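Keeping their order, the protein sequence lines are chains A and B. Position 374, counted from 1, in the first sequence is what this note's numbering calls 374; the numbers after and before it change by one each time, with no gaps. Position 280, counted from 1, in the second sequence is what this note's numbering calls 280; the numbers after and before it change by one each time, with no gaps.
If you're looking for bench data, these hints aren't it; they were derived computationally from the structure. Remember, it's a predicted structure, so these values are computed and weren't measured experimentally. One thing to keep in mind: the hints can contain errors.
[Stated by the list, open to error] Derived pair list, reagent style BS3-like, types lysine-lysine, alpha-carbon separation capped at 27 Å:
no.	chain 1	residue 1	chain 2	residue 2
1	B	K262	A	K363
2	B	K75	A	K239
3	A	K129	B	K75
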Amino acid sequence: MIKKMLLILLSGFVLACSSDDPAPDNNNGGDGDGNNGGGDTASFDRAALLTNWTDNIIVPAYEDFLPITETLEASVMAFAASPDLAGLDQVRADWLSAYRAFQWVSMFEIGPAEDARYRVRLNTYPADKATIDEFRAASSYNLELPSTIDAQGFPAMDYLLYGLADNDTDILAFYTTDANAANNLNYLVDLASIIKTLTTEVRDNWVAEFAASFKANTDASATGSIDKFTNDFIFYYEKALRAGKFGIPAGVFSTDPLPENVEGFYNKEISKELALEALQATQNFFNGNGQSGGNGNGFKSYLDFLNTIKNGEDLSTLINDQFDLARLAINALDDNFVNQIQTNNTAMLEAYDELQRNVILIKVDMLQALSIDVDFVDTDGD
Amino acid sequence: MKHFPKLLLATAVVFASCSNDDDNTTPMTDDDQGMDPMIEAPLTYNFERNGETTVSFSGQTTRILMAEELVDDFKDFDNATEAAMLAKYTHEEGQDNFENADLNASDKNIRSKTAASRDYFSANATEATAIKDQFEQYINVQITEVFPNELVAAAPGVAGQIADGSSTRYVTGQGLEMDQAFTKGLMGALMADQMLNNYLGEAVLDEGDNRANNDEGVLAEGKNYTTMEHKWDEAYGYLFGTSQNLANPLPTVGDDDSFLNKYLGRVEGDADFAGIAQEIYDAFKLGRAAIVGGDYDLRDEQADIIQQKVSEIIAIRAVYYLQQGKNGIEAEDFGAAFHDISEGWGFIYSLRFTRNPSTDDTYFTRAEVDGILEALLADGANGLWDVTPATLDTLSEQIAAKFSFTVAQAGSTD
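The following block holds chain A by itself, in its conformation from the complex (with noise of 0.2 Å):
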């Protein structure tokens, strides 16, 4: 333990005063003296790799998702037929489960996923609860259109699940006796609706042409899908796994804690759940697996290819102990990051710091290896 640690005081020192190296050293064997291989990025077989992201891990991602999506509309619709707290309850775990999968497919926002914004019309958060109030009541409005992301998807169907009222029997009661229990039944089966419809929308995409020239463009520039997916991976680890699971709720990024910003906020169990899925898929990618397929091409292979070296550790390694260091500090928290957060916000800042310290090692270490260039930028936040 103090060895590993050690090394994460080391490599952090390193980063600090690599900035203004010279151009990477291409020819060290595994002395420790660079942060680079001495492979050639071009020698390594690239279209193996995009091959086993396309066709083990991101479609089959998708294929496994789909149903789940459809057994959601599908109790959506039996509640709306007859509205009953069995039904609720169905409803609920089919919701669960869906949401759980949706951790296995929502880092992959390239092509198809990108042209529909997936992830955010899925799963941006917190909901915005007056909106939703107004649209179900009014029966009026267009979830197609970008300012309706947040009354929509999982966050929105979690607060019609759960946070309508403090028990289930008055919850319930949103969807028999009130006197707009029609509309509440109509919006709430457009929201699975529109999961679904995404879901296959994306999926079909991938499956008619998008794998087929994402797994032939294996260039090795800022257009290559190598390139463009490892950015969009990073996108999402940094901010919609580290930031918005962790980091924004945590108040990393404003004045005070936001524990009204966590992920299932109305569920209040599953935040931790949700997250652990999310961390365990990136973790996956990153060896080259999905949820069950895989042969594990991907950026554990690359790099050991390439025989990255940090500190005379495997850059790999040092990666999944990274992951495995963030898992640990996430199991220690609360279920509910929200009781997390108001009792204990510094073993949520610390699950934090340990998502952030991989940040360091794959975009920095890992991106330096890989020759790839960052093509995002932080927003001005305006």
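Please build the complex by placing chain B on the supplied structure of chain A, with the hints as guidance.
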């Protein structure tokens, strides 16, 4: 009375360390009888006379805060009206136009100092009026064209909303965001123009008896500063007037307003230009110390540095946003591209208010600025929906050509 300037010099305060320890002050000593005392800048922007500060720029702070409230209204679809926004722009003392009561009580407003510098506009009322009206026009378009289409998806020729990542942007039928045009344009027309072409110009600094009064230590009526000192401070206030630490503003530079401070921070964050914030700050301090010491050549050298560097902030960001917009257009990410180009639009508008210290005139004439803005919309019938990467590159080169930076240096954040 003859020795009064030396006494003044003796009271200029120096901070002894680079920490934020405000109490740790050491008076600058005037240790010789020489005729040319060495003038040194204090470590922070802190100047005193008789134990009291001589620094004052509350009017600038007020105008920045007024502008902040006004630009927020551009997206307040539920509450903002054209009349209320214009009332903020042309505020009159005592009118209840702002949320902040201090602003309501103020006799300042935005419009009166927009395109109102002595050097550029005192004999150019025609252009000044057109510029003031331009900002009213931005408000009018937002309210009459964009607001009614709040819940419409933007399309070529159709105002409405468009996604930029997880943000929603609201654009005109030409793809322009009025709030960006207003905010970034005001940065030039109000903040930069007042700073570079009014308060740092000799016409204002040396107006009337300012030099004689400053030499003799004659204070402005009822104040603890000479008029010249105050003019210099007012220039400083348009950059640092809302800083968390007004005397030592660099630790939070970029976070303290939506205008020049913010974009000084952004440019500072680009490795190609790192150090610019310190250069500007140092020039403000040394120039102010020079006024205290009566060295007007040294003062004007510092004014030149500030004029040069603040002009560069505007030009660098104009090029940056055109280049970011080009990336967005190439990726067919119109929402991101329109947002960037709209920011760029405001910075280009602001180029009119830059100042080349070697000519004491603008880097870009009205005609040049208008030409660039027209070219941005001229690639097709629907403005930014049709703009090409080639046009964005050409205009970027046209702007960068007047400065010593390259398009590549300005075009990215590293």
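Structure-based check of all given hints:
Using a Cα cut-off of 27 Å, the hinted pair K262/B and K363/A holds, with the two alpha carbons roughly 26 Å apart. Straight-line distance between C-alpha atoms of K75/B and K239/A comes to about 25 Å, which keeps the hinted pair within the 27 Å bound. With a C-alpha separation of about 19 Å, the suggested pairing of K129/A with K75/B holds against the 27 Å cut-off.
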